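As they're listed, the protein sequences go chains A, B and C.
Numbering of the first sequence is given in the working numbering, commencing with residue 1 and proceeding in unit increments.
Numbering of the second sequence is given in the working numbering, commencing with residue 1 and proceeding in unit increments.
Numbering of the third sequence is given in the working numbering, commencing with residue 1 and proceeding in unit increments.
Treat the hints as calculated values from the structure; they're not laboratory data.
Note that the coordinates shown come from a computational prediction; the quantities given were computed from them, not determined experimentally.
Incorrect hints may have been included.
Some chain B residues near chain A, calculated using beta-carbon distances under 10 Å [stated by the list, open to error]: (1) Leu101; (2) Pro171; (3) Leu238.
Label pairs and their in silico Cβ distance ranges [claimed, not checked]: (4) A:Ala176 to B:Ile256: 29 to 39 Å; (5) A:Ala184 to C:Ser137: 41 to 51 Å; (6) B:Ile146 to C:Arg210: 18 to 28 Å; (7) C:Asp85 to B:Ala174: 39 to 49 Å; (8) A:Ala83 to B:Arg265: 17 to 27 Å; (9) C:Ser137 to A:Val80: 35 to 45 Å; (10) A:Ala63 to B:Pro171: 29 to 39 Å; (11) B:Ile256 to A:Glu89: 16 to 26 Å.
The beta carbon of each residue, even a glycine, is placed where N, CA and C say it ideally should be.
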Amino acid sequence: MDLLDPVIDPFRSGIDQRALLEVALIGVLCGALGFWVVSERLTYGAESLAHGLLPGFVLAALAGAPLLLGAAGGALVAAVLVALAARDERIGPDTGTAVAVTGLVGLGALLALAPDSPQRLEELLFGDLLGVTDGDLLAAALLLACGGAALVALHRPLCAVAFDPAGAAAAGVRPALVRLVLLALLAVAIAVAVQGLGALLVLAVLVAPPVAVRGHASTPARAMAAGAAVAALAGLAGIELSFHAGSAAGASVALALCGAAALGAAFRRSPGSVRRAGR
Amino acid sequence: MPSPADLVDLPFLREALLELVLLGLAGGSLGAWIVLRRLAFFTHAAGSATFPGLVVADASGFSPLLASLAVALGYAGGVERAGRAGREPGEATALLLVAALAGGVILASDVFESGGAVDRLLFGTILGLDGVDLLASAAAAALAGIGTLALGRTWSALAFDPDGTRALGVPTGAADLILLALVAVAVVAAIPAVGVLLVTALFVLPAATARVLARGIGPLIAAALVLALVQGVAGLYLAYWLDLPPGPPVAVLGAIAYAAATTVRGAR
Amino acid sequence: MSATPEPGLAVSVTGLAAGYGGPPVLREVDFGVRAGESVCVLGPNGGGKTTLFRALLGELAPTTGRVRVSGRPAYVAQTERTRLDFPVTALDVALMGSLAHGRWWLPPRRPERAAAAAALERVGLTDASREPFGTLSGGQRQRALLARALVQAAPVLLLDEPLSGVDPASAREIGRVFDELRDEGRALLVSSHDVESARAFDLVLCLNGRQIAFGPPARALDRATLEATYGSEMIVLEGGPGGVRAVTVQHHEHGHGHEGHGHH
Numbered sequence: 001m002d003l004l005d006p007v008i009d010p011f012r013s014g015i016d017q018r019a020l021l022e023v024a025l026i027g028v029l030c031g032a033l034g035f036w037v038v039s040e041r042l043t044y045g046a047e048s049l050a051h052g053l054l055p056g057f058v059l060a061a062l063a064g065a066p067l068l069l070g071a072a073g074g075a076l077v078a079a080v081l082v083a084l085a086a087r088d089e090r091i092g093p094d095t096g097t098a099v100a101v102t103g104l105v106g107l108g109a110l111l112a113l114a115p116d117s118p119q120r121l122e123e124l125l126f127g128d129l130l131g132v133t134d135g136d137l138l139a140a141a142l143l144l145a146c147g148g149a150a151l152v153a154l155h156r157p158l159c160a161v162a163f164d165p166a167g168a169a170a171a172g173v174r175p176a177l178v179r180l181v182l183l184a185l186l187a188v189a190i191a192v193a194v195q196g197l198g199a200l201l202v203l204a205v206l207v208a209p210p211v212a213v214r215g216h217a218s219t220p221a222r223a224m225a226a227g228a229a230v231a232a233l234a235g236l237a238g239i240e241l242s243f244h245a246g247s248a249a250g251a252s253v254a255l256a257l258c259g260a261a262a263l264g265a266a267f268r269r270s271p272g273s274v275r276r277a278g279r
Numbered sequence: 001m002p003s004p005a006d007l008v009d010l011p012f013l014r015e016a017l018l019e020l021v022l023l024g025l026a027g028g029s030l031g032a033w034i035v036l037r038r039l040a041f042f043t044h045a046a047g048s049a050t051f052p053g054l055v056v057a058d059a060s061g062f063s064p065l066l067a068s069l070a071v072a073l074g075y076a077g078g079v080e081r082a083g084r085a086g087r088e089p090g091e092a093t094a095l096l097l098v099a100a101l102a103g104g105v106i107l108a109s110d111v112f113e114s115g116g117a118v119d120r121l122l123f124g125t126i127l128g129l130d131g132v133d134l135l136a137s138a139a140a141a142a143l144a145g146i147g148t149l150a151l152g153r154t155w156s157a158l159a160f161d162p163d164g165t166r167a168l169g170v171p172t173g174a175a176d177l178i179l180l181a182l183v184a185v186a187v188v189a190a191i192p193a194v195g196v197l198l199v200t201a202l203f204v205l206p207a208a209t210a211r212v213l214a215r216g217i218g219p220l221i222a223a224a225l226v227l228a229l230v231q232g233v234a235g236l237y238l239a240y241w242l243d244l245p246p247g248p249p250v251a252v253l254g255a256i257a258y259a260a261a262t263t264v265r266g267a268r
Numbered sequence: 001m002s003a004t005p006e007p008g009l010a011v012s013v014t015g016l017a018a019g020y021g022g023p024p025v026l027r028e029v030d031f032g033v034r035a036g037e038s039v040c041v042l043g044p045n046g047g048g049k050t051t052l053f054r055a056l057l058g059e060l061a062p063t064t065g066r067v068r069v070s071g072r073p074a075y076v077a078q079t080e081r082t083r084l085d086f087p088v089t090a091l092d093v094a095l096m097g098s099l100a101h102g103r104w105w106l107p108p109r110r111p112e113r114a115a116a117a118a119a120l121e122r123v124g125l126t127d128a129s130r131e132p133f134g135t136l137s138g139g140q141r142q143r144a145l146l147a148r149a150l151v152q153a154a155p156v157l158l159l160d161e162p163l164s165g166v167d168p169a170s171a172r173e174i175g176r177v178f179d180e181l182r183d184e185g186r187a188l189l190v191s192s193h194d195v196e197s198a199r200a201f202d203l204v205l206c207l208n209g210r211q212i213a214f215g216p217p218a219r220a221l222d223r224a225t226l227e228a229t230y231g232s233e234m235i236v237l238e239g240g241p242g243g244v245r246a247v248t249v250q251h252h253e254h255g256h257g258h259e260g261h262g263h264h
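In isolation and in its complexed conformation, chain A is listed as follows (with noise of 0.2 Å):
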């Protein structure tokens, strides 16, 4: 008996195929694209993008549209709603970004649980990795080849303005216009990935890895490399654990994810090794 079959037996099927290709696809990315988005501190604002875009998801729900372009576009209604609401200096950024979210998401629900719709919401907010489509894998190479195209393009920029924000800006590096660029790109994986993970779950992808890695690689390039690789890996591990256990797969590789994370710190090297490994 091969050992491995219990490992493979999933993917003799389509469905299991094609979820974890969809999560390989974006996983790559998104673990990549983690290192900044905890770097520069955008933990929360990615949180409140995924949430925050499920009134446009919802939407295309509903009317049948193609999930991508209500994910897309709740994601930017989210992103320019937080941004109005942060900028109250009476209760601060963070009560703002909460009374835009919460807004947000009790108008998803409510769209959604409007008796006469058809019941998605679980889906729309745990992820579907299952029912992956065709569309949905297509999506997801895009994403992974032009948003890795756009991180190796963008590393230096990124690297100078995260580690002396002054010195790049003195070497015509312009800082907004960086962050900006890593934003628009985040907000296209949230809305990528939200069709596998969910609302609720997505941030996993993306907050997870480049926690599990931290302290274990010396330089930016190497963590977003090895982010990629335990993203990869703990979708594998999430969808093994969906076929065998019987479980919801987002949810499962949502956890595998939090899993590898919460190893990752665990058998964390001290700091004092790592900055002897220079940058």
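Given the coordinates of chain A, work out where chains B and C should sit on it, guided by the hints.
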């Protein structure tokens, strides 16, 4: 369009109405401190963290109130100990919340096969609010009121000038912990009605709107109370009319109120 | 920190060195202040004034040496940008001082409210007592914080540049309150950038990483001391009624070394 009087006439709606009035009282008073001390994320996180425990309690017959109370209070203690109250959430917290939601949904759909409970736990319900929920909400409202009266001066001093207040000899850790614990209790009381994901609809949104409108702490609390009560009752009515859980309409009303207030008063 | 100092001394500092984890940013500080005395603490930014105050407040443990203060000192810091839009009135701020009397878990009682109103009257803010703090002028805000310190009724008051950026009317009120506090037997330590105003105090303490001088201004404020304290940040004008006159050049970059910690 059903008559608003139904809210008072029909027995099951009466309970829901009372629940939302009590939660409005808690949400308005505690909400003022949540907004002034920048605890909006803590409020949301305390709610979401209870999700897996609630799924288990729901399925196993254990008291959901006790299960969620244990988690929420534990989270409050952890946050205070780590000195992270009022600060932007870190990656660990964000991942913890994702894990809680993912774990909860797996438990619900695949372990306990109580998938139907997920919507109710996430967004609340009008039906099935029982005496225990009402008692919890009454306790939350009472504690919120007592806390505001007794500790309002301390809490506002801490929000206004943390270093100076510590220099006065006030044990800021204890004062913070009491506030966090009260918020945790109120969040737990609100979950049956508005759900785990939308507790901020009652505890942050009315007070945020009030903060835009009011210029002193007394008026802020008064405005927050009025807004929370109106939002809660109107949201309940919408939920009854449109056959929805109460959480979403309350949240949408709250956001609209904030948007209206900011347009009138000007964003600053 | 708050052990009773030698009899007669409200504040007693011996051999103090303090820092923020690395080498001490303030060394060799040795002085004593009696009840009813006022001390002007002079020095450049980063020279250790804030560090000394934090040590006196008990927020910073000395690396070496000892600090003894009568009771818990009242601290009047500079008003910062972030507190301007907080929805409190001047009366609310004054009332916060009563938290020092220990019952922080109870609502304020009538005597405490009366004390707050009385303190506002002492600083001349009765008319503005219900105004939001953020709408007050710089001088009025400073007076409100002073009222908070008055309600605290501490034997020792530490004031961080209370007169900087303050209009002349407020400055007069504040100066008048200082005189009253000294008559009441309280000890005042006031940090300042204004060398000339230091001559009105009973004592001056010059700090620049270490104690340069301590004593009555006529004796302590000679040219050598001023140069050691301020270095190139000072312009000295010879002559004039007091002998040497000096004007300091203000640098507005905060956060020199470790001085920026928390207060700027």
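Taking the hints in turn, this is what the structure says about them:
1. Leu101: Holds. Min distance 5 Å.
2. Pro171: Violated - the Cβ of B:Pro171 stays beyond 10 Å from chain A, reaching only about 25 Å at its closest.
3. Leu238: Because about 9 Å separates B:Leu238 from the closest Cβ in chain A, which is inside the 10 Å limit, the hint holds.
4. A:Ala176 to B:Ile256: 29 to 39 Å: Holds - the Cβ-Cβ distance for A:Ala176 and B:Ile256, about 32 Å, lies within 29 to 39 Å.
5. A:Ala184 to C:Ser137: 41 to 51 Å: 45 Å, holds
6. B:Ile146 to C:Arg210: 18 to 28 Å: This hint is violated: roughly 52 Å between Cβ atoms.
7. C:Asp85 to B:Ala174: 39 to 49 Å: Between C:Asp85 and B:Ala174, where Cβ atoms are some 27 Å apart, the hint is violated.
8. A:Ala83 to B:Arg265: 17 to 27 Å: 19 Å, holds
9. C:Ser137 to A:Val80: 35 to 45 Å: 38 Å, holds
10. A:Ala63 to B:Pro171: 29 to 39 Å: 56 Å, violated
11. B:Ile256 to A:Glu89: 16 to 26 Å: 22 Å, holds
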